[in-house]
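Full structure from sequences and hints, please.
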Amino acid sequence: MSQFVDLKLRGNDRRTAWCQESSVGTDLYRDGMARLDAGDVAEARRLLEEALRKSPGDVAVMHGLSRVLDQAGERARSVELLEHAHARAPSEPGPAHDLAMALLEREEDARAVQVLTPVLAAHPEDTRAHLFMAMALAKTDAARARVHTAKALADSNPDVKLQAQALDDVLAEHQRVS
Numbered sequence: 004m005s006q007f008v009d010l011k012l013r014g015n016d017r018r019t020a021w022c023q024e025s026s027v028g029t030d031l032y033r034d035g036m037a038r039l040d041a042g043d044v045a046e047a048r049r050l051l052e053e054a055l056r057k058s059p060g061d062v063a064v065m066h067g068l069s070r071v072l073d074q075a076g077e078r079a080r081s082v083e084l085l086e087h088a089h090a091r092a093p094s095e096p097g098p099a100h101d102l103a104m105a106l107l108e109r110e111e112d113a114r115a116v117q118v119l120t121p122v123l124a125a126h127p128e129d130t131r132a133h134l135f136m137a138m139a140l141a142k143t144d145a146a147r148a149r150v151h152t153a154k155a156l157a158d159s160n161p162d163v164k165l166q167a168q169a170l171d172d173v174l175a176e177h178q179r180v181s
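Position 81 of the sequence shown, counting from 1, maps to 84 under the numbering used here, and the rest follow consecutively.
These are calculated hints, taken from the structure and not from any lab test. Owing to the predicted nature of the structure, the values given are computational and were not obtained by experimental measurement. One thing to keep in mind: the hints can contain errors.
Derived pair list, reagent style DSS-like, types lysine-lysine, alpha-carbon separation capped at 27 Å [claimed, not checked]: (1) Lys-154 <-> Lys-164; (2) Lys-164 <-> Lys-142; (3) Lys-142 <-> Lys-154.
Here is the structure:
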């Protein structure tokens, strides 16, 4: 019986240590993102790399570090990290948005559609995902793209609305002359 209690206590100690380590990773993540927002890319990178070492599968940390790497000019590593984050959590909007935009920049529109599909299935109200989906579909399926621009127009962010309206205008003109 005492061995069982001893093992149980050791298990609790391990859980406590894991929780403390997880908390440290969360604090590092928050501090890293604050440094990124303040424009201190080098310190943000240091903190987020440490957070990733403490919490290697944390999608939020991977996403944050990918943003830092992108700002540091390391686009390939940033996209690689976004791919990992998306693979771990395909319906998570943040990494999917950034990955889809990177794919659209490389004209990998079909792959961007694949990335955004699970996000929209899980978050049908995500207006940014609708905007990015419209961009991904614009060259191949203007009618479907316009369905997504209509949903993106509901965004309260004026920049998203402006982009959605501009894309919808181009798509409408394309449909009119086709």
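We went through each hint and held it up to the structure:
no.: 1; hint: Lys-154 <-> Lys-164; verdict: holds, 10 Å
no.: 2; hint: Lys-164 <-> Lys-142; verdict: holds, 20 Å
no.: 3; hint: Lys-142 <-> Lys-154; verdict: holds, 18 Å
In terms of the numbered hints stated before, the structure departs from none.
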